[in-house]
Amino acid sequence: MTAYLVAILTSAGFYVVLALALNLQWGLTGMLNFGLAGFYALGAYASAITTETAGLPFVAGFAMAVAVGAVAGLAVAGLSARLVGDFLAIATLGFAEIVRFLALNEDWLTRGPRGFPIATRPIPEGLSREATAWAYLGLVAALVIVAYLIVERIRTAPMGRVLRAIREDELVPAALGKDVFRFKLQAFALGAALAAAAGSLYAHWVQSISPDHFTTALAIGVWMSLIVGGAGNNRGVLVGATLVMVILEGSRFLTGVVPGLDAESLSALRIALIGVLIVVTVRFRPEGLLPEPRIRLETPAKGA
Amino acid sequence: MPSLKTPRLTRRHALVLGAGALASPWVARPGFAQTDAIRIGSLTPNTGGGSPFGPEIAEAHRLVVDLVNSQGGVNGREIILSQENSETNPEVAVRAARKLIDADRVMAILGTWSSSVTLGVMPLCQEANVIQMCTSSSESIPAGDKKGLLFDFQALNPAWGKAIARLALARGFDQIAVMGINNDFTTSMIGTFQQSLEAGGGKVVNEPFLYNPNQPSYRAEVERLIAGNPPAVFIPSYVTDFTAVYREIYRSGYAGQVITISLSTGPKFKEAVGDAANGILHGFPVPPVGKDAFDAYLRFVGLEPSGQVQRPFGSAGYDQINTLLLGIAKAGSLDPFEVVKGVFAIANDPGERVTTYAEGVAKLAAGAEINYDGASSSVEFLPNGMLASRDFELYEIRDGKDVSLERITSES
Numbered sequence: 001m002t003a004y005l006v007a008i009l010t011s012a013g014f015y016v017v018l019a020l021a022l023n024l025q026w027g028l029t030g031m032l033n034f035g036l037a038g039f040y041a042l043g044a045y046a047s048a049i050t051t052e053t054a055g056l057p058f059v060a061g062f063a064m065a066v067a068v069g070a071v072a073g074l075a076v077a078g079l080s081a082r083l084v085g086d087f088l089a090i091a092t093l094g095f096a097e098i099v100r101f102l103a104l105n106e107d108w109l110t111r112g113p114r115g116f117p118i119a120t121r122p123i124p125e126g127l128s129r130e131a132t133a134w135a136y137l138g139l140v141a142a143l144v145i146v147a148y149l150i151v152e153r154i155r156t157a158p159m160g161r162v163l164r165a166i167r168e169d170e171l172v173p174a175a176l177g178k179d180v181f182r183f184k185l186q187a188f189a190l191g192a193a194l195a196a197a198a199g200s201l202y203a204h205w206v207q208s209i210s211p212d213h214f215t216t217a218l219a220i221g222v223w224m225s226l227i228v229g230g231a232g233n234n235r236g237v238l239v240g241a242t243l244v245m246v247i248l249e250g251s252r253f254l255t256g257v258v259p260g261l262d263a264e265s266l267s268a269l270r271i272a273l274i275g276v277l278i279v280v281t282v283r284f285r286p287e288g289l290l291p292e293p294r295i296r297l298e299t300p301a302k303g304a
Numbered sequence: 001m002p003s004l005k006t007p008r009l010t011r012r013h014a015l016v017l018g019a020g021a022l023a024s025p026w027v028a029r030p031g032f033a034q035t036d037a038i039r040i041g042s043l044t045p046n047t048g049g050g051s052p053f054g055p056e057i058a059e060a061h062r063l064v065v066d067l068v069n070s071q072g073g074v075n076g077r078e079i080i081l082s083q084e085n086s087e088t089n090p091e092v093a094v095r096a097a098r099k100l101i102d103a104d105r106v107m108a109i110l111g112t113w114s115s116s117v118t119l120g121v122m123p124l125c126q127e128a129n130v131i132q133m134c135t136s137s138s139e140s141i142p143a144g145d146k147k148g149l150l151f152d153f154q155a156l157n158p159a160w161g162k163a164i165a166r167l168a169l170a171r172g173f174d175q176i177a178v179m180g181i182n183n184d185f186t187t188s189m190i191g192t193f194q195q196s197l198e199a200g201g202g203k204v205v206n207e208p209f210l211y212n213p214n215q216p217s218y219r220a221e222v223e224r225l226i227a228g229n230p231p232a233v234f235i236p237s238y239v240t241d242f243t244a245v246y247r248e249i250y251r252s253g254y255a256g257q258v259i260t261i262s263l264s265t266g267p268k269f270k271e272a273v274g275d276a277a278n279g280i281l282h283g284f285p286v287p288p289v290g291k292d293a294f295d296a297y298l299r300f301v302g303l304e305p306s307g308q309v310q311r312p313f314g315s316a317g318y319d320q321i322n323t324l325l326l327g328i329a330k331a332g333s334l335d336p337f338e339v340v341k342g343v344f345a346i347a348n349d350p351g352e353r354v355t356t357y358a359e360g361v362a363k364l365a366a367g368a369e370i371n372y373d374g375a376s377s378s379v380e381f382l383p384n385g386m387l388a389s390r391d392f393e394l395y396e397i398r399d400g401k402d403v404s405l406e407r408i409t410s411e412s
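Keeping their order, the protein sequence lines are chains A and B. Take the first sequence: its position 219, counting from 1, is numbered 219 in my numbering, and each next residue is one higher. Take the second sequence: its position 43, counting from 1, is numbered 43 in my numbering, and each next residue is one higher.
Just chain A, same shape as in the assembly (with noise of 0.2 Å):
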């Protein structure tokens, strides 16, 4: 049991890294990202492609991986990063489609639909099952603390309250001198960065991936995590990730203790009640379990 706990403890650092980054994305900066999927393959069949098929070892394949969703990103973002809204959300699905197609049609690159293997451990061998999972949970965490730190120095740094007027109103950053397109271009590629350096993880902890690993379907697990847990709160984000994978894995035990409740019927009740609990929330809290922080500003004591 413990080992399960901890691979699903694993899982869930995925979806966190992922959430952080929409967060950098979109809780913060407001740029609508649905191609979140996109990048998270990017950076697993950057990783799988130096590691395999050039023979280098993990680390070159994971700062493969973090350069290459950096400069999509950047690319992404630079080609799109004047549509707004909507708009930007069905570039990113499109990126996001682009990819897929590409690691689905590119045989020689990618191996394509019969899947790609990877042998290549950022752990060393020989070590028992149960240590080797404690390691990659170790590697994962350590990822999950960097990408915290790094957005919430952002978010409370000088450059997090730019990123927040840009959310609020472009036009008004832009009067005060801010080069608003300059910090879109940044948020965008360190999220996708952030991204693909989860999916360099993701790909050396399964050890198998195939383009069907990175369905839009897990983009929007990832926009669940965020919406339930609060959008621009980065603790409200671990919050939604691991609320999210509890009901997702926790759901499994349900049956054998609800009476007529098969592994059918429960697979549709698991998204169903993921499907509540965001309606449930836009209804009832629609910032989020936890909201993001209000900004107190300080002003003059009356009289003054």
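The set of hints was computed from the structure by calculation and includes no laboratory data. Keep in mind it's a predicted model, so treat the numbers as computed, not measured. Heads up, a few of these hints could be off.
What the hints assert, rightly or not - Which chain B residues face chain A? A few, computed with CB under 10 Å, are given here:
1. N46
2. N85
3. F185
4. L298
For each residue, glycine too, the CB sits at the ideal point set by N, CA and C.
Using the hints provided, position chain B relative to the given structure of chain A.
Using the frame of chain A, we list chain B on its own:
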């Protein structure tokens, strides 16, 4: 400002909620405590692309386990079957397999259907020494099974390509254009189809190509396929795509022969296109219709043998659980490598023919060697765990019904 109606959810509440949710797996855990039970996992595609077949595989696993438990289990041990839905998605399947392996502590995972799921959970199973039994036909499967823990109850792609080429040639079609859905299943099938057709004096006309699933329209693909008006076209695909592709072919007025695999022409397809389906040729690895073991399986799951193919994958699920349980009985231990040896011993020659667990275990107790003969095939394995041969059958759709034309046994 929150209004009075808004429930206040503080950070503390959120924390309690989260902790409670995290603890729920433990609280909700079923109360089995037998340490000597045999724990088996079943991971079937109950929803998604495999949904027409997943439930029948899951049902076969469950019914056999219930029956054997009611007869006293295997070597006096109770069998605990944990069933999960793979959703025909490897990302979901990996998490479900983690649960089966680490929480339920299963010794085997049965019933994976699509190759991407079987290959996706394979690294986990290899690492944890868990036996896999699947019905996937990717050629990459034997290579990934480094520890020799996998049994495949389906013919691999090349066997499909070979069989359908032979059947097409026998009907006089030697000029065939080919396009297939882009997945692992069809890519290697197309390769061997072409080889076998050419070896038999036929020829693939036009360049074979792949199309991407879930397109709003297949007009461009279909026009490319029927360019030059070839006498026949072969389209390996899934039912959802094939319906749209076939509509396009019908509208184009193409008068040649359409050949596909039977996965694409199930009841849903016939319902969708109506009379237009008549005349299509399709082939498929089939359970041996009319064989006693297949009929016995159908009656076991509450169906009447009708002379038609029913439950093509459920019959394989039935064979999976029977061979595994007999393998355990033969091995007399739960060590996965011993059980694998046991499965080879009870499935392959030599031995007395048996078709059910009860029959097999009685003969084993009497000290006899047995050879399990299944509902989906004769269940003989090559040393790499792949099926040695399966029956293929070619059908024509006449008046909305599949009419059998010819049957061959194709070696892997």
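Hint by hint, here is what the structure shows:
no., hint, result
1, N46, "holds (4 Å)"
2, N85, "holds (4 Å)"
3, F185, "holds (8 Å)"
4, L298, "violated (21 Å)"
When held up to the earlier numbered hints, the structure conflicts with hint 4 and nothing else.
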